[in-house]
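Chain residues, written in single-letter form:
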Amino acid sequence: MSTIIATLGTGRARRLRAALTVLLAAAVAVGAPFYFAPFQVFQLTMVLLYAVALAGLNLLVGFGGQISLGHGAFFAAGAYTAAVMLDRYDTGHLATLPVAAAGCFLLGLGFGVPALRLRGLYLALVTLAFAVFLPPLLKRLEPVTGGSMGLTVDKLQPPAWSGLAEDQWLYLVVLAVTAVALLLARNLLRSRVGRALLAVRDNESAAEVMGVRLSLHKTLAFAWSAMFAGVAGCLYTWVIGFVSPDSFSFVLSITLLAGLVVGGLASLYGPLLGAAFVMYVPSVSQDVSEAAPGVVFGLLIITVMFVAPTGLAGLPGRVRAAVARRLPRRAPTSARTPEAESAPDGEPEPDAESGPESLAESGPGGDPESLAESAPDAEESAAASAPDVSPKSPAASDPSATDTPADLAVADAEPVGAPPRTEKE
Amino acid sequence: MLAVDGISVRFGGITALDGVGFTVEPGTAVGLIGPNGAGKTTLFNCLTRRCTPDAGTVRFEGEDLLALPPHAVAGRGIARTFQNLGLFPRLTVRENVMVGAHSRGRTGHLAAALRLPRVRREERELREQADDLLRRLGLADVADHPASGLPFGTLKRVELARALAVRPRLLLLDEPVNGLSHGEVDQFADLVRSVRQDFDLTLVVVEHHMGFVMGLCDKVVCLDFGRKIAEGSPEEIQRDASVIEAYLGVAA
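Chains A and B, in that order, are what the protein sequence lines are. Mapping of the first sequence onto this note's numbering: residues 286 to 710, in sequence order. Mapping of the second sequence onto this note's numbering: residues 12 to 263, in sequence order.
Hint data in this document are derived by calculation from the structure and do not stem from the laboratory. Hints may be right or wrong, so weigh each one.
[As the list claims (entries may be wrong)] Non-contacting residues of chain A with respect to chain B, defined by C-beta distances greater than 10 Å in every case (computed):
id, residue
1, 313
2, 324
3, 387
4, 505
5, 509
6, 575
[Claimed, not checked] Label-pair distances were calculated between CB atoms; the ranges are:
id, chain 1, residue 1, chain 2, residue 2, range
7, A, 603, B, 238, 52 to 60 Å
8, A, 604, B, 83, 41 to 49 Å
9, A, 527, B, 159, 42 to 50 Å
10, A, 604, B, 117, 36 to 44 Å
11, B, 129, A, 379, 27 to 35 Å
[Said to hold, decoys possible] If you want the footprint, here are the derived chain B segments under chain A, 3+ residues with CB under 8 Å:
id, region
12, 81-87
13, 94-101
14, 124-134
Every residue gets a Cβ at the ideal spot worked out from N, C-alpha and C, and that includes glycine.
Between the sequences and the hints, there should be enough to build the whole structure, so can you do that?
Laid out in structure tokens, this is it:
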């Protein structure tokens, strides 16, 4: 048994499994538009573009520990940048993407400066003010923005050689941009910069003592985040072909934040789940109750937060921990005593728990979480089918799920109290 | 190496430090003692630029430390630990240690997002260095565990590992054995002694545990109500009348 665990836990096997997961997810994602009806493909496209915005918001809120109630405005800025460029200057669609990205990056940089001095509710208020004042501003700037009538522009058209329908082409283009965006976000987080950001979130003054320049990382987090929202907005214009101030009311900002929290803060695939929530739940609640869709929407948020307080992305990990608690140490085959099991700082028993981990570490650059999470364009189904992506339990590998990770999860659940030895000495 | 001269810090009407000065020679260990509220942690905060003194100077190897921005202190080779742990609870132990190496990394935002080859290389190096440190301090088993939820004694070692990842020449320890059990104190003292040797460190230690301070330090500075009341070798301090008075009070 333990040899099997050890073999499957090695860096190469993990990597193989991760690569297979990515390939499978990519195949599903690319194949989807050829399977579903055009309207469903359109919905999936919207999920993907919302995921870009949520990934940006996640950088700021989930990983950066700041807050923004104004990301709908960055989204709008990106959408309008694309629309105005297409409408007035007739640039190609592709040219609008870098301009929207760069513009929103700079806008975010500007907003990052007050974010240095404000935090919590005050920052939320300032960003909300931005989201509230942008739609009226767009209405006033009628010569450029078309006022309250908005602008109608061409959607992105499939090139003749592809032989694809419009919805399929849009989906694939948005999928590609989303994949790149999620990959960028993931790269950012897996580096010195990402660690600095997380450190600032967890303990600002300790981070500064370690040499992290707070102002730099906080402003740039804001800028990246705004840039992602702007890119999502630009894609929105490509897909919908119409922008108006009322499409981007401050409710959009709040919906985005709600979607992120529901999907899972500080999780790499939480934005995808959150985007699905943002896209599908309003229409589902419309079906349930035509009179009060908002009530259903709100109740659903409450339900999700009650069942999965760490968001949908954290649900598999919580379920696993709960199952592990229900099936307490019922592994008589293993020779370990309960005392040995309950020692999470692992002095006396390096065999079972730390064995597969350390083996996994010995692979070159074998970072178990990040490898497992390297499925940026995974559909939510693919994400759910890889239950070991939860960053909390890096040692959990599928075949050993009945035995070893249960102990780890228990150790997680009762953290400090476990080793009586260290406490009472 | 470190020269503190005439430092005064006032918070509102309270004078936390009043003209404190002392020097730290390279390779020595200096203990800072004094009753609670004597200003020891405030002094530490001045050394790491967490707070700016109203008067006085701090020079580190001839450089005016007070002219540096707070985040630049680590790059000069000064690291510290915190009184009540200053770890990053949601990062793993290894990531905590890798943040300690932040000032030695070069990766910027753009390079990180594109994950250029040099970023990979730097990540690999930092990771290996962190793993070396974790092995050195007996923390390899918990490397992937989040920093929250580990026993207090382990977390103290994690914090020491993180401070060592800065590659400091001057290490400031703020109550390193506070909250540890008797046996753990001795273990930690041995650990500090051995890393001090191996990494060629100069130490400044704030601590209430007299056995720890007297066993480790070459010189002890005693503060009381923000003023330096005594300075000398551990033996001299133990006999010093004003120190005894500050700690125990005098018979009426």
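Hints not upheld, ascending by number: 4 and 5
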